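*Asks:* Order-wise, the sequence lines are chains A and B. Take any residue in the first sequence, count from 1 to its spot, add 8: that is its number in our numbering. Take any residue in the second sequence, count from 1 to its spot, add 128: that is its number in our numbering.
Hint data in this document are derived by calculation from the structure and do not stem from the laboratory. Just to be clear, a hint being listed does not mean it is correct.
Claimed, not checked - In silico EDC-like cross-links for lysine to aspartate or glutamate, where the CA-CA straight-line distance does not exceed 20 angstroms:
#	chain 1	residue 1	chain 2	residue 2
1	A	Lys152	A	Asp210
2	B	Lys237	A	Glu89
3	B	Lys365	A	Asp208
4	B	Lys237	B	Glu269
5	B	Lys237	B	Glu248
6	B	Lys237	B	Glu260
A quick note: this is a predicted structure, and the numbers were derived from the prediction, not measured.
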Amino acid sequence: MSRLRSLEALGWGVLVAVGIVAPFVVYPVFAMNVLCLALFASAFNLLLGYTGLLSFGHAAFLGAGAYVTGLAAKTWGLPTELAVLSGTAVATALGAIFGSLAIRRSGIYFAMITLGFAQLVYFLVVQMSWTGGEDGLQGIPRGKALGLFPLDQQLTMYYFVFTAFLGAFFVIHRAIHSPFGHVLRAVRENEPRALSLGYDVDRYKLVAFVLSAALAGLAGSLKAVVLQFASLSDVHWHRSGEVVLMTLLGGMGTVVGPSVGALIVVALENYLTDVGSWVTVITGAVFVVCVLSFRRGIVGEVRALVARSFTGAGRKRSSSSPSSSG
Amino acid sequence: MNGECILETRGLVKQFNEFVAVNGVSLRVERGSIHALIGPNGAGKTTVFNLLTRFIPVTRGEIRFRGEDITGARPADIARRGMVRSFQVSAVFPALTAVENIRVALQRKLGTSFHFWRTERSLEALDARAVELLAEVGLAEHSDTVTVELPYGRKRALELATTLALDPEVMLLDEPTQGMGHEDVGRVVALIRRVAQGRTVLMVEHNLSVVQDLADRVTVLARGQVLAEGSYGEVSKDPAVLEAYIGAPA
């Protein structure tokens with residue numbers, strides 16, 4: 009079991025190293041875009057993979073984060089960090105409002121309520137004047153990190169985003185492996201039983217929803233600073249669908265799966281721009297193949313394979329190994 | 129009937145549109161007893177359970193637990209007050225290991241269940257007690273087995289251990305031997321008898337030999353109403369009960 013743990017630690021080390029060298033290997037803006045959407049998908053996965061709630065309106069939080077950050081940085085002239093925090097805060101508040109109403113229903117009704125709210129946000133963004141309507145909110149200044157380092161430098165911007173990503177990713181990882189995460193898994197596995205054990209299931213769902221909305225908002229805020237614009241595509245329901253695709257492709261209910269999914273989807277969209285609208289056909293085909301042949305997603309399948317080869321059976325888990333108490 | 133009444137319903141009614149599933153049921157469950165609720169299919173036994181634990185709202189009537197009116201309480205509240213239910217099909221958390229299943233129940237007492245910033249190592253303090261509970265139901269060697277891999281009878285035992293983890297005053301067991309083979313039934317009956325020491329058990333059960341074996345008192349429901357009440361010996365001779373079960377006048 010401790011071998012499995014050290015392998016896990018090694019895996020994390022490799023991932024961080026990859027993140028550090030990435031901007032020297034690929035185009036930094038591409039890498040930043042991947043990080044933002046990876047964070048978005050990871051936030052979404054906290055809800056779908058670990059709580060069992062399929063939200064179909066997460067674009068609202070990504071978009072709200074992006075637009076509010078743009079407004080704060082461009083119109084109010086706030087420093088970048090505060091602009092990002094404002095975007096995140098508004099997404100969090102929206103999450104609290106939408107969540108408290110949506111969690112009263114489950115399954116397809118939950119999905120439809122979240123979709124409805126997201127469409128409401130889309131409509132507002134189209135109608136309000138400060139958002140720039142169809143043109144989007146353009147010319148968002150990147151500003152300076154800590155008031156010192158100009159973020160117009162791609163590498164500085166990259167490490168700013170990477171740091172935020174790592175922080176947020178740590179929050180997600182910790183939330184999943186916390187007493188709270190334990191209850192969430194119980195709710196996902198058997199909601200009536202969790203209720204009968206005395207857990208106010210709805211309150212746990214709401215906290216998970218708000219946490220997920222906040223981190224999705226952070227992803228949108230960072231994206232707006234990176235690309236220097238917020239556009240309607242960030243609040244469009246296509247976005248809400250795309251994040252489902254990323255999560256399932258990479259592996260729902262795995263910590264790194266959604267990031268892998270985001271990388272693949274963003275890469276497909278980027279490197280297949282020559283083929284025009286065929287991109288959606290190709291991503292659609294990839295999605296169908298994924299769901300039909302490896303339903304656990306890429307990371308889910310790999311994890312199952314590793315677990316099998318380590319324990320011989322893949323049936324036991326290391327939850328109570330005494331070696332881990334130190 | 130001189131024992132203290134711990135759980136009581138008065139004129140309990142549940143109506144689904146036109147259909148009256150439970151029609152004026154008044155029950156008295158004595159503290160420390162094993163009380164069985166029996167009756168033909170569709171008699172309203174499970175509905176009574178759902179009403180008692182507030183999984184569905186009451187149309188009319190009153191539920192009192194330890195003298196307090198709990199007719200309007202929330203389901204999670206009921207559990208915290210010390211009345212914990214089980215379900216007709218085994219209620220476990222399939223993707224968690226056996227020990228993790230128990231921990232879900234144990235961790236509530238820590239009061240850290242909303243702490244998403246705390247590490248799960250903080251839960252390891254509960255493992256000793258969890259393993260103890262598993263041993264109590266004969267699952268000691270399965271503590272790290274993912275629950276979905278356990279055979280059905282073991283899942284029910286795990287469910288019982290999870291319920292025990294809350295140390296409930298009243299356990300509501302919905303058909304604890306349902307779908308079990310002969311050997312498993314014997315084991316579960318012994319288990320229930322053991323864990324019922326110092327607690328009150330209200331159970332819905334189809335297997336009449338289990339009822340005969342375990343129950344101090346039996347209430348027979350038919351078409352949403354109480355048909356008879358008494359010891360197993362009394363109700364099993366009651367002509368109305370025989371008619372409800374066999375369909376012909378005795």
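*Asks:* Run every hint past the structure and note whether it holds.
*Replies:* Verification of the supplied hints:
Proposed proximity of Lys152 (chain A) and Asp210 (chain A) is contradicted: the alpha carbons are some 41 angstroms apart, above 20 angstroms. Restraint check for Lys237 (chain B) and Glu89 (chain A): not satisfied, since their Cα atoms lie roughly 39 angstroms apart, outside the 20 angstroms limit. Between the alpha carbons of Lys365 (chain B) and Asp208 (chain A) the distance comes to roughly 44 angstroms, so the proposed pair goes past 20 angstroms and is violated. The suggested pairing of Lys237 (chain B) with Glu269 (chain B) is violated, with an alpha-carbon distance near 26 angstroms, which exceeds 20 angstroms.
A hinted pair counts as satisfied when its Cα atoms are at most 20 angstroms apart, and Lys237 (chain B) with Glu248 (chain B) qualifies at roughly 15 angstroms. A distance of roughly 17 angstroms separates the Cα atoms of Lys237 (chain B) and Glu260 (chain B); the hinted pair therefore holds under the 20 angstroms criterion.
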